[in-house]
Every structure is written in C-alpha cells, then in structure tokens.
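Asker: All chains, please: the whole structure from these sequences, using the hints.
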Amino acid sequence: MAGMTFSPGMRGQFAAIARVRWQLFVNGLRTIRGRLEAVARGMMFLTFGVAGLGGSLALAVAAWYLISRGNTEWIAILLWLVFLFWQLSPVMASAFTENVDSSNLLRFPLSFPSYFIIRLAYGSLDPSTVIGCLWLLGLTMGIGIAQPGLFLWAAVLLVTFALLNILLARMIFAWVERWLAQRRTREILGAGFFIFIICFQFIGPLMSRYGERRHPEAFRITARVLPYERLLPPGLAATAIASAAEGTFAPALAAFALECAYALSILWLLNIRLRAQYHGENLSEAVGRSSVPREKPAVRLSWRLPGLSGPLAAILEKEIRYLSRSGPMLFTMVMPVVVLLVFRLGPAGSPVREGSFLSHAPDLAFPVGAAYAVLILTNLVYNSFGADAVGMQFYYVSPVRFREIVLGKNLTHALLLACETVMVWLAVCFMFHPPAADVTFATVAGVAFALLLNLTAGNLLSFYTPKKIDYGAFGKQRASTTTVFASLGIQAVVFGLAGVTLLIARAYGQVWLAALIFLSLAGLTSIAYIFVLNQLDRIALDRRDAILSELCRA
Amino acid sequence: MNAPAIATQGLTRRFGQLVAVQDVNLSVAPGQFFGFLGPNGAGKSTTIKMLTGLLAASSGRIQVLGLDLAQSPVEVKRQIGVVPEGMALFGRLTGAEYLNFAGGMYGLDRETAGKRTAELLDFMQLADQPKTLVTDYSHGMQKKLALAAAVIHGPRILFLDEPFEGVDAIASGTLKAMLQRMITRGATIFLTSHVLEIVERLCSHLAIIHRGRLVAQGSLEELRAGVEAQAAAASADSPASDSFGSAPGGKLTLEEIFLRIVGGTRRTEQELSWLG
Chain A
3 MAGMTFSPGM
13 RGQFAAIARV
23 RWQLFVNGLR
33 TIRGRLEAVA
43 RGMMFLTFGV
53 AGLGGSLALA
63 VAAWYLISRG
73 NTEWIAILLW
83 LVFLFWQLSP
93 VMASAFTENV
103 DSSNLLRFPL
113 SFPSYFIIRL
123 AYGSLDPSTV
133 IGCLWLLGLT
143 MGIGIAQPGL
153 FLWAAVLLVT
163 FALLNILLAR
173 MIFAWVERWL
183 AQRRTREILG
193 AGFFIFIICF
203 QFIGPLMSRY
213 GERRHPEAFR
223 ITARVLPYER
233 LLPPGLAATA
243 IASAAEGTFA
253 PALAAFALEC
263 AYALSILWLL
273 NIRLRAQYHG
283 ENLSEAVGRS
293 SVPREKPAVR
303 LSWRLPGLSG
313 PLAAILEKEI
323 RYLSRSGPML
333 FTMVMPVVVL
343 LVFRLGPAGS
353 PVREGSFLSH
363 APDLAFPVGA
373 AYAVLILTNL
383 VYNSFGADAV
393 GMQFYYVSPV
403 RFREIVLGKN
413 LTHALLLACE
423 TVMVWLAVCF
433 MFHPPAADVT
443 FATVAGVAFA
453 LLLNLTAGNL
463 LSFYTPKKID
473 YGAFGKQRAS
483 TTTVFASLGI
493 QAVVFGLAGV
503 TLLIARAYGQ
513 VWLAALIFLS
523 LAGLTSIAYI
533 FVLNQLDRIA
543 LDRRDAILSE
553 LCRA
Chain B
66 MNAPAIATQG
76 LTRRFGQLVA
86 VQDVNLSVAP
96 GQFFGFLGPN
106 GAGKSTTIKM
116 LTGLLAASSG
126 RIQVLGLDLA
136 QSPVEVKRQI
146 GVVPEGMALF
156 GRLTGAEYLN
166 FAGGMYGLDR
176 ETAGKRTAEL
186 LDFMQLADQP
196 KTLVTDYSHG
206 MQKKLALAAA
216 VIHGPRILFL
226 DEPFEGVDAI
236 ASGTLKAMLQ
246 RMITRGATIF
256 LTSHVLEIVE
266 RLCSHLAIIH
276 RGRLVAQGSL
286 EELRAGVEAQ
296 AAAASADSPA
306 SDSFGSAPGG
316 KLTLEEIFLR
326 IVGGTRRTEQ
336 ELSWLG
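Going down the list, the protein sequences come from chains A and B.
Sequential numbering from 3 applies to the first sequence in our numbering.
Sequential numbering from 66 applies to the second sequence in our numbering.
Treat each hint with caution, since some may be false.
Under the rule of at most 25 Å between Cα atoms (straight-line distance), these lysine to any residue pairs were calculated in the SDA-like manner [stated by the list, open to error]: (1) K316(B) <-> S300(B); (2) K470(A) <-> G151(B); (3) K470(A) <-> R403(A); (4) K196(B) <-> R403(A).
Computed from the model, here is a short list of chain B residues facing chain A with C-beta under 8 Å [what the hints assert, rightly or not]: (5) R143; (6) A153; (7) R157; (8) L158; (9) A161; (10) M170; (11) A178; (12) G179; (13) A183; (14) L186.
The set of hints was computed from the structure by calculation and includes no laboratory data.
Just so you know, these numbers come straight off a predicted model, no measurement behind them.
We put the CB at the ideal spot given by N, CA and C, even for glycine.
Answerer: As structure tokens, this is what we get:
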C-alpha cells in the first residue's frame, strides 16, 4: 500500500463514483416504491442510531464507573463486547452489506490504491460499523471524564481499535466472498457457519447454567485462557489503557505496538485478496461442453404428485428444489428447534426448577416453537418471486394463471410450515413433555390462522414490493425494507390477536375456547385469502412492468 | 387465404412522454420465418414484449392465431413459445429439471415431458452436464436451454428476441438447424436480431421499425425492389445524389436495404478527430 497519495486523477474517480451512487439514489426516488424504500431505510437508520447512541451512553457510564473505581482491567470486557458485536452481528443478521462488483470497476483505469480504498469504503457504512464507532466514542468519553489525563491516549488507542475492526470486517468479508464463489468451499463454509451459529446460541444458556456454580476446573481453564485473551486486540487495547492509567507507559506502548501489528497483518491479508481481484481473478464455475464424450445419463422424470394439476405439481417441485439448494434457507428451517433447545438449557436447565420461562410453563413450549416457525416462514411468503429473478418472465409467457402459480407457491409454504410444526411438536415431546391435546389443537388452529393471514398479505406484497434475492448466498435473502416493515405490522396484528385470544381462553379457563376462536379467525381470513387470490391475475398484469424491471435487472 | 399468425392493429406503447412504439400494423402469415429489424432503441424489444404478454400495450390490438391476446391470454400462450431478452431461466435448477418444469407448466404429462426433455438435451448437446445448475451454464448453453424450453410443448409460433446474441458459431449452428426444422414443419417464427447476415439467410419476410414506427414490411425481394425503385427515382431527380447502392449488376444486401430504409449515414473521418 505504499505510495497511497490522492492524485487529481484518483480524486476525479472517487468523485465520479460518489456522483453515480448519489444519482442512483436520486433516480430510485422517481417511483413510489423507491420513495417508500427510502422512508423505510430512514426508519431503519433511526433505529440503529438510537441503538448506537443508547449503547454509547451505557458504555460511557460503564467506562467512567470502572476507571473511577480503579478497575481499569475490566475495560477489556467492554472492548470485547464492542469487538464481538462489530464482527459477529453482520454474520448473525446475515447482513453482509452490498459489495461492489469488482468486474464493474476494473473496466476503468483504476490504480490499485484507488481500488483498495473503494473496496474499503463500500460497506464500511453498515450498521455494525456505525454502532461500533458510536460505542467506542462513548467509551472514550467515559474514560476521559473519569480521568481527563487519559483521554488523548484512549482516543488514539480506540481510533486504532476502530480501524482494526473496520479492516477485520472487510478482510473477513473479502475472504468469505472468495470461499463462497466456488461450490465446494461454499458448502464447507456453509456447514461451518451453521455449526458456529448453533453453538453461539448456546453460550448464554450454558453460561447461566454453569456460571453460578463453583467449578475448580473452570477457574483453572480461565486462568490459563486469560493471558492469551490479553494478546488479542480487545485485550491489548484494554491493557494499554489500564497500564497508562496506572502510570506504567512501557507496557502500554508495547500493547499499542502489538495492536498496530495486528492491524497491519489484517491489512496485509486484505491486500492479498483485493490484489488478486484487481489482477482479474475469475472464480466463475461456468462450464463449457466437455471435450471427453461421456455416457449420457437417463433424464429423471418430474415428481409424481397425485391430485395436483401439472402446473401445480411443477411449481411445488421447483420450489422445493430451490429451497433444498439453499444452505441459508435450510439453516433457518431448523432454528425453531434450536430455539427450543436454547430455552431448554436456560438457567434452570430443567423444566421443574426456576429460571427459563418455559420451565415455568412447559405447556407454552409448543405454541412458542410454532410461533417461531411462522415467523421464519415470513421470509419466504412476503417475497415469493424474489428468488425466481428472470424466471419471472417465464411465468408471464406461460399459459398458467398467476392465481395457480401463487397457489403452488403457497402450497409449498403451507407444506413447509406443516413439517416445521410437526418437527417442533416432536422436539417439545422430547425436551419437555408431550403437549396436551387442547394445547396442540389450539396451537395448530392458531398456526392455520397466522399462515392464512401471512399468505394473504404476503401474496399482495410479493407483487407490490418484490425484490430480487439469491437463495444461494448468505445475506442475500432479504426482502425490500418496505416489505420488512409491512410484515412487522402483520406480525403485530397476528400476535396481538393471539394474545387477546389466549387471555379470553384463560379468563374462562378453557383452552378449547382459544382453538375455536382461532378457527373462526382462520375461517374469516380464508375469505380474505381467496378474495386476494382471485385478484392476483389482474394485479400481476397491472404491475408487470414494475415487477419485471425489478426481478430481471442484472 | 389463411388468417395471419400474428396481426397487430394500431399497436402503441408510451412510457410517460416517450412513444416507444406508435401505431404499428403488423401481419405475419402462418409458416413465415419473420425477421423484425430496427436500429437500437427503435422499439423492437418493446414490440416483441407486447406480442408475448410481457408488456402491456398502451393502445391497439394484438391477434395471435386469430385470438385476441388481451381477451384470451392463456389460450394464446398455450400455442406460442418465447425466448425473451432475459431468457426466463430458473438458475437454481439443472437443465433437465428446468425442461421438465416447463413441460409441466405447458400441461404435458410427466412421461411426455421427460421424453422430450431427454431428446431436447441431446439435440442441444446439453446432455453431458446433468448435475450442472443453469446458473453455471455458459451463455451459449443458456440460450440453447431457453430455446429448448420454448419449444418443448411444440408451439405453433415461436418468438425469439435476439437469439444469436453472444452465441458462438457451434451453438448458433444448432439453433439455426432447430429453427429450420420448425419452419419446414409449418411453424411460424418471429425473431428480432441485429445480425443482418443471419436474418438475410434465414428469414423469408421482414419488417423494419424505426423510431417506433413500422417503415417497411414484406418479403426480402419486395423490400429490395422498393428500395431500388426509390433509388432509381432519386437518381433521376438528382443525378449527383449518393445512390448508396451495391456494385453494378449486384443485388442490394439486407444491410444496404436496411441502411437505406432507416436513413443511416456513414460518419466522416473528420468527426471524433481526437480518437487516435
């Protein structure tokens, strides 16, 4: 990265890219959908801003308290918190920010330093970076107020720490992007990610379960781990602050130097990846015709699905094949059972002892798991054409009505939810106890109502706010922000009505009453569902220009 | 006389203030290999999108095989095959799965769909990649697969938007062979293309659209005769005018006819003088 100076040419290129981004934003506001999306994004940033400022204040108070009390080494906990949030939240939320397509930039005479800076800048304004920076600002302020003489040193250290985090996040993304580019590495990474996320869910329950007990083994392990913790970036930053606070500057400088060495190593790793891209690395798996003639395999027939018309069966098969080839979607499908397991391993560890709320009310385990399954399904039903992308053109030129196409998709979604519900029921039987018949019936009736309401709203939103998504890549399954907000509103209605229903049933001491109310609600919703379904051909025709331009764009 | 396979009356499409296609009256007889030409932005893709139901017409009427597209869209779509600009593929299926899916959507039973899938994959030389997802196919392979999906139900009319764009000579040969076979069996083909040599070799009839208006329609010979007559009249009026013609005694090529009709001019060397 030597010679990183901003020549007039580079400045012109940066200005051109900034202009084009701005122009894209402004052009996006020409349509109502674009304006809605901008409002929804504004609301999202407001939410993140509040989270960032709230956390910043909390960390400032915590830092002030720790420094004032002389517990400077405990700053490490705060820094680890910031570090883990910064690096893990994009992964946990599947929210890798949109990255620039190298091939688009490399057509232009960009120097490597320009390319490097652009790649670093793209995606660095994601929520985790903004929140992380705000939190570190709070920490610095807290330290400065508690011990003004330490402010400047803490500021230098935490700016370095922030830079390290930005570089690390981009470095991880760049390497993950490389591994995701090829099927084999993508599968290995997907499996690793899956195991990691599942393990991560259990940290809290396991800490609560074992944290309060005295375990000599655990103490011994902690004592062994602590010195290594101090050698990692958050530990080093904390050591540098603590040493300076105690007036011992040699260890503080050594820790700072090591911190800088980490940052440089990360920069070097990022540099390797970006340089390969800059030199035109092509990881495409596009195939050509094999030069070696192979024996032609027999073509498999499509699935035999009795009772379904040809188009319905074709859509059902296609939808299931799509889902089965999506690691991220399969991952979300098992989450309801994982969540139950997390509750099961809650502080009490056992349904009969105090702690986890499900241990107090194991009868709620099945409804809770089923509700979570419904929430997961919203990922699919609110943007049901998103993964079809240019395939949407096929639906428009095929002799099948959209009513039938959507029915096929809804059938797939209902089938999935049925499987999920059965899976949750079995998991509840295994982890807690078999749910009572009235609870089971009421839950199934509630799920039917929630499904019908979500399908009704989802079918409309799939036509009004579609967004092209990719089932195959992590973090590329998000619907439009407008859809996300609308679906949150629907969930509020569903859970509000469910809550009122449960209160009524409880007031009368009859769970069966809840089942009856849910069934009545499902009956009413089914009328709305059929009404919307019958309107879909007209809506699809009215909206075809907007839908095709969104789903067929490169 | 047979009813036209495709007919439009006053077909118009506006995008806000812009009139992309204006008052187009097309007539394509059954069994014709029909080429639809025009310069960039002339309205070719807009027209083919309207003919296939991918875009709504602002006004005008479209009849396909005697059926009104707006009144009977499903019946029309049952009898046509389409390879649109974006190819309409489902990237996360294999070639065979996609063709089986297309067969199902066109109402073929699973055995027939399976049999035709195997034959089409074999004909298109795509059978040796059974597990490869469509998204991993090369551009040429995707074009061949899109064409296979468009013909799996044996359509009476085939609409092709730039079928030879980005396709190598081998794949192009396969596509042409399939199209010729369909024509000999009585199907109608409507294609847009920028490759005038291919259009000249394949198409029996042509229409040329320019700035949204249909400026010429007929067989290649009719278009040639029209342009030659115009050129003769122009040279009689003004002997110094540029005849833009071919070599003496030679026939006008489609490119020459096209340039004369759309008023294309060759740029002089003085323009873009900074360019090397």
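Asker: Against this structure, judge whether each hint is valid.
Answerer: Hint by hint, here is what the structure shows:
At roughly 17 Å between alpha-carbon atoms, K316(B) and S300(B) fall within 25 Å of each other, so this suggested pair holds. For the suggested pair K470(A) and G151(B), the alpha carbons sit about 14 Å apart, so the restraint of at most 25 Å is met. The straight-line distance between the Cα atoms of K470(A) and R403(A) is roughly 21 Å, inside the 25 Å bound, and the hint therefore holds. The straight-line distance between the Cα atoms of K196(B) and R403(A) is roughly 30 Å, outside the 25 Å bound, and the hint therefore fails.
Hint on R143(B) holds. Least Cβ distance to chain A is approximately 4 Å, under the 8 Å limit. At its closest, the beta carbon of A153(B) sits 4 Å from a beta carbon of chain A; the interface hint therefore holds under the 8 Å criterion. Hint status for R157(B) relative to chain A: holds, with the closest Cβ pair at about 5 Å, below 8 Å. Given the 8 Å rule on beta carbons, the hint for L158(B) holds: about 6 Å separates it from the nearest Cβ of chain A.
About 5 Å separates the beta-carbon of A161(B) from the nearest beta-carbon of chain A, less than 8 Å, and the hint is met. The interface hint given for M170(B) is met, as the beta carbon of that residue sits about 5 Å from the closest beta carbon of chain A, less than 8 Å. Against a cut-off of 8 Å between C-beta atoms, the interface hint on A178(B) holds, since the closest Cβ of chain A lies about 6 Å away. For G179(B), the suggested interface contact is upheld, since its CB lies about 4 Å from the closest CB of chain A, less than 8 Å.
At its closest, the beta carbon of A183(B) sits 4 Å from a beta carbon of chain A; the interface hint therefore holds under the 8 Å criterion. Hint on L186(B) holds. Least Cβ distance to chain A is approximately 7 Å, under the 8 Å limit.
Violated hint for the displayed structure: number 4, the only one.
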